[in-house]
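A.B. asks: Below are the chains, spelled out letter by letter.
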Amino acid sequence: MNDGSRQDEGLVGMAQIGVAMERGILRTLLGSCVGVVLYERKIKLLGLAHVVMPDSQGRSQPVGKYADTAIPETIRRMKELSGVSRLTLSAKIAGGANMFAHVIPAPTRPIGDQNMAAIEQILKALDIPIVGRHLGGTAGRRLVVDAGSGTVEVHMIGQPTIRI
Amino acid sequence: METKRLAQLSKLVQQSAVEASQSLSRWLERDVRVSVDSLEQVDLESATGLVGPADETVCACCMRIAGSIQGHLMLSFDDASGFAIRDALIAGQASLGSPSDTAWDELATSAVLETANIVGCAFLNSLSEHMPRRTDSLAEDASNQACIPSPPIFVRDFAASIMEFVLLDQIDEIHSVLMAKTHFSIEGTPVTWQLLLLPDKQCLNAIAESLG
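Residue numbers (the numbering used here), protein chains in the order written: chain Z, 1 to 164; chain W, 165 to 376.
If you're looking for bench data, these hints aren't it; they were derived computationally from the structure.
A few of these clues could be false.
Unchecked claim - Derived Cβ-Cβ restraints for the label pairs, each shown as a range:
1) W:V206 / Z:R23: 28 to 36 Å
2) W:T167 / Z:R133: 58 to 66 Å
3) W:E270 / Z:E80: 47 to 55 Å
4) W:H347 / Z:P72: 39 to 47 Å
5) Z:G83 / W:L271: 53 to 61 Å
6) Z:T151 / W:L271: 38 to 46 Å
7) Z:S82 / W:G352: 19 to 27 Å
8) W:P315 / Z:T151: 36 to 44 Å
From a predicted model like this one, the values you see are computed outputs, not experimental measurements.
Note that CB positions come from ideal geometry on N, CA and C, so glycine has one too.
In isolation and in its complexed conformation, chain Z is listed as follows (with noise of 0.2 Å):
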């Protein structure tokens, strides 16, 4: 279940939360923003936030932007889908990258950044323990993450799949 608009299966966009259960497969493709992968081993439940900003700032639209709104928004939804309303939850977050790092310096601390600070305060709050990481760099990212097994595939150009 993928709530964005794109006809490609399974595709989650920027600023989108994606849910699949079993055997399903959710993707996303990353620049500097961060994906939060939610897993639930039992039941094989899935959920992937395509996280922009660290921050709603009180703003409730949209949802899946900002970390601290699509965190729980994704949990939501999870719960939703698989009608459990308690979840073990463990996390794998990727992206975060700094296409201009080299070259350009930034006027603040990178967004990326910022994003990877912010999600991991508030996973550790909800106690969620993340148990894999890809972060940084300055190249984007392809995650395809599988619901049956809840391995998290990370493609980069020129580079070996590498499985977080």
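Guided by the hints, dock chain W onto chain Z, whose structure is given.
C.D. replies: Using the frame of chain Z, we list chain W on its own:
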């Protein structure tokens, strides 16, 4: 941005594309046309797909712009079109679609970066020149009336990832962006290069105000 202002800005962008065509023709020593397909405001979801399907590998030369126009300018192309630029410059060949080599080595990268620099600067200089003068508090500083692009950087990455990199500066407060989309032809043959201008929100407001 209102339709009337968008139409006014579109005329300026068209004019700038003509000047970019002239510079590029001199650089490549053949007739090159840069044409503006559209100038429109698009939502983020559509914007991330503007240079190709999300998973597609795309090449791009990206510049940050400061001064009277702020945002990003990007020349995007596929591998074959990038190698065609190199061949046209290095060997004087018009080998569109049949590159002499298919490695993104230093030579090929330098060729596309220089091309992006030339077409980008010609386009921005013209746009800046024809843009109504700023009248806000920043206008007294001459550097704010000029348009200063950064050196371009070359990337070869997923289409959606590249767009995310260039869009991220302007998506904090807005959920749509203004995009000028172009296409190129060399001696009448279309090539899959496109030039994308992405002004940021502050710049958009300034442009809208200056257009009256």
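A.B. asks: The structure should be examined with respect to each hint, and the outcome stated for every one.
C.D. replies: Cross-check of the supplied hints:
Taken as a hint, the range 28 to 36 Å holds for the pair W:V206 and Z:R23, whose Cβ atoms sit roughly 34 Å apart. Between W:T167 and Z:R133 the C-beta distance comes to about 47 Å, which lies outside the given range of 58 to 66 Å. Checked against the given bound of 47 to 55 Å, the beta carbons of W:E270 and Z:E80, roughly 53 Å apart, stay inside it. Separated by about 44 Å at the C-beta atoms, W:H347 and Z:P72 satisfy the suggested range of 39 to 47 Å.
Checking the proposed 53 to 61 Å range against Z:G83 and W:L271 shows it holds: the Cβ atoms sit about 59 Å from each other. Checking the proposed 38 to 46 Å range against Z:T151 and W:L271 shows it holds: the Cβ atoms sit about 40 Å from each other. For Z:S82 and W:G352, the hinted distance range of 19 to 27 Å is not satisfied, since their beta carbons lie about 58 Å from each other. For the pair W:P315 and Z:T151, the supplied restraint of 36 to 44 Å holds, since their beta-carbon distance comes to about 40 Å.
Comparing the model with each numbered hint stated earlier shows that hints 2, 7 do not hold.
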